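> Residues per chain, in single letters:
Number of protein chains: 2
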Amino acid sequence: MPRSDRILMGPGPCNPYPEVVEAMIRPMLGHLDPEFVALLDETCDRLRQVFRTTNPLTLPLSGTGSAGMEAAFVNVVRPGDVAVVGVNGVFGERMAEVASRAGAEVVRVEADWGEPIDPERLLAAHPSPAVIAVVHAETSTGVRNDVESLGAGKGDALLLVDCVTSLAGIPVEVDGWGIDIAYSGTQKCLGVPPGLAPITVSERARERLVERPQSWYLDLNLLGRYTGSATGPRTYHHTAPISMVFALHAGLGAVLGEGLEDSWHRHAECGRLLQEGLHARGLRLFAKAGHRLPELTTVWVPDGIDEAKARRCLLERHGIEIGGGLGAFAGKVWRIGLMGHTARPRNVALFLAALDELLDT
Amino acid sequence: MPRSDRILMGPGPCNPYPEVVEAMIRPMLGHLDPEFVALLDETCDRLRQVFRTTNPLTLPLSGTGSAGMEAAFVNVVRPGDVAVVGVNGVFGERMAEVASRAGAEVVRVEADWGEPIDPERLLAAHPSPAVIAVVHAETSTGVRNDVESLGAGKGDALLLVDCVTSLAGIPVEVDGWGIDIAYSGTQKCLGVPPGLAPITVSERARERLVERPQSWYLDLNLLGRYTGSATGPRTYHHTAPISMVFALHAGLGAVLGEGLEDSWHRHAECGRLLQEGLHARGLRLFAKAGHRLPELTTVWVPDGIDEAKARRCLLERHGIEIGGGLGAFAGKVWRIGLMGHTARPRNVALFLAALDELLDT
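Listed in order, the protein sequences are those of chains A and B. So in the working numbering, spot 6 of the first sequence is number 6, and the numbers just go up one at a time. So in the working numbering, spot 253 of the second sequence is number 253, and the numbers just go up one at a time.
Simulated from the structure, these hints should not be mistaken for lab results. What you are looking at is a predicted structure, and each value in this text was computed from that prediction instead of being measured. Check the hints yourself; a few may be wrong.
Same chains, same names: a pair is fine if it fits in one copy or spans any two.
Stated by the list, open to error - DMTMM-like, lysine to aspartate or glutamate: derived pairs with alpha carbons at most 25 Å apart:
1) Lys309 with Asp45
2) Lys309 with Asp41
3) Lys332 with Glu316
4) Lys288 with Glu105
5) Lys309 with Glu120
6) Lys309 with Asp156
7) Lys154 with Asp175
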């Protein structure tokens, strides 16, 4: 029966906000209870504020961020449609795979891990794609891909953006940047346990939704009728994960109570403090300068350090979790998250102190 | 901010077990933390006990019961496969729809709502189906469909059973009855909030899994590598809903601590008390005698009662939620659940007392 009290500085989940923990154990309600329906509506309103959108079709999907990715593709891709997908890490790879399983002809635009993808290459990759898709914040590399310029140049394509690790951590402007479909996860900068995938769909994309997508569970036409964002009466689809919606509602309340821009600033400050601290100790950052995420820092493991042993030591001595590298960078890179409630200067101070212990021994 | 303390006697969710509520707010762990991985393994072991199976591929899917349904079909159905589907309520209809979206040629075997499906008709519906699928406990009608005899007669077909409302409420014998794929939901007789879908897959079915199903999120090949039930090393797939897994682990602990058969007996006793009480008051039960679920009782609304007003009165005066009828029986039938922690004689006594108030006024 685990009771260990971790400081979660990996690539997610983060430590949830205290308000969120409290909300998880509110007395259970039915999914059609008037009190729950009102709370769900308010949750969708709060999601619109955090996504910076007025999209009516904005709701929490009953799955994790990867369910958001799948929903994004299966609801707009028709067999043979071209999907241009940016690939510079694990989650770009996943997008390409999910798009392909949805029946798309995938055109990959690659960049080295640690490098951002040039938006001009995404825009020029195909003359008439149905979808242009990119990961905003690559959790596998700590790189921020440029999104803002894609909206202006997308033409007739839908712009589909993975905001799992960016939402509430760095600026995301769904309406301002012309994003058609954005999805996220709850366990990153929203400070909520994993389990839901917020998603928002522009009116332009809603007009192109596949009428009967291959997934019934993630069918946005049907889901929109339950959350009440669509026209017409509210219709039962599936039983919403009540406690998780309570948690998300509270996490969004924490973010908006602080102020969304203040949340961005706090993540930015913590990331800066960590990255400066690592640099001051002679460690080399992995992600390209100018495209480093504050909420997820990647750093080369210093020479002479057994990285797995070091992570185990952090976990066992201090209860600090950090992440290892993925793919070709397993054993070579650490991924250090400062997301949601974990994004506090005290956690940066603690981590740097623990790192000093490691480097001294 | 809802704080209303409901007695949840609808078709689910039920009130969670106290142990479950406590478990929800255990300190968050990472999805690769050794303590979490051990707890996940133990959760899968407990699921095997509750499903009565030794199937290695047994795990909680990161979605609600309907995600379990979708996973069951998309992982075994190949384009053009025949799926024989029993349809005598909303969830049988949903199965037919999900099977069709997975590419199956669906052969429907129907029975009237309130009646069970004759297993012989399911077995005789097609000479060589890939799948025979049925809902064990129809939540829309309160009917139990026979499953036991399907296993013996299934031939080369895979037997796929929806156990959302049956698991831990009435006997389910995955190995004993020859079920190849069974899935459930957490918010019914397991006494856990909604959000996960336990699923179990026989070795026979595992050999026939689609190599690259249309859903990446619900791909059982990939999921089995994370939960460690498959051969080979444990591989990250997606971030598990940590708090919900804590909750499921605790709910299964409550069920197994009581004893699975004692849980069946408690549900049976509560259902009997309720159905006798309704009969004694002159109300007519909806589901066919001999096939009535104890955990979900359907009853015709008495003449002269405004059913929506009556349900509102129960909710507002006593905080009791019951469900209305679905489809053609909306406004005509009530659905009264006694599931999980809600399945207590005191809740039956309370409901019958509240019903007496309603009938007197």
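> Taking the hints in turn, state whether each one holds.
Each hint, compared with the structure:
1. Proximity of lysine 309 to aspartate 45 under the C-alpha cut-off of 25 Å is found in neither arrangement, the shortest distances being 45 Å within a copy and 30 Å between copies.
2. When the C-alpha separation of lysine 309 and aspartate 41 is checked against a cutoff of 25 Å, the pair qualifies only between copies, where the shortest distance is 24 Å, while the shortest distance within a copy is 47 Å.
3. In the homo-oligomer, the alpha carbons of lysine 332 and glutamate 316 lie at most 25 Å apart inside one protomer (21 Å), although the nearest pairing across protomers, at 60 Å, exceeds that limit.
4. Taking CA atoms no more than 25 Å apart as the test, lysine 288 paired with glutamate 105 passes in neither setting, with 30 Å inside one copy and 51 Å between copies.
5. Taking the closest pair of Cα atoms, lysine 309 and glutamate 120 never come within 25 Å of each other, the shortest separation being 42 Å inside a single copy and 60 Å across copies.
6. Taking the closest pair of Cα atoms, lysine 309 and aspartate 156 never come within 25 Å of each other, the shortest separation being 51 Å inside a single copy and 50 Å across copies.
7. Taking the shortest alpha-carbon separations for lysine 154 and aspartate 175, only the intra-copy value of 14 Å comes in at or below 25 Å, while the best inter-copy value is 54 Å.
Going through the hint list in order, the structure does not satisfy hints 1, 4, 5 and 6.
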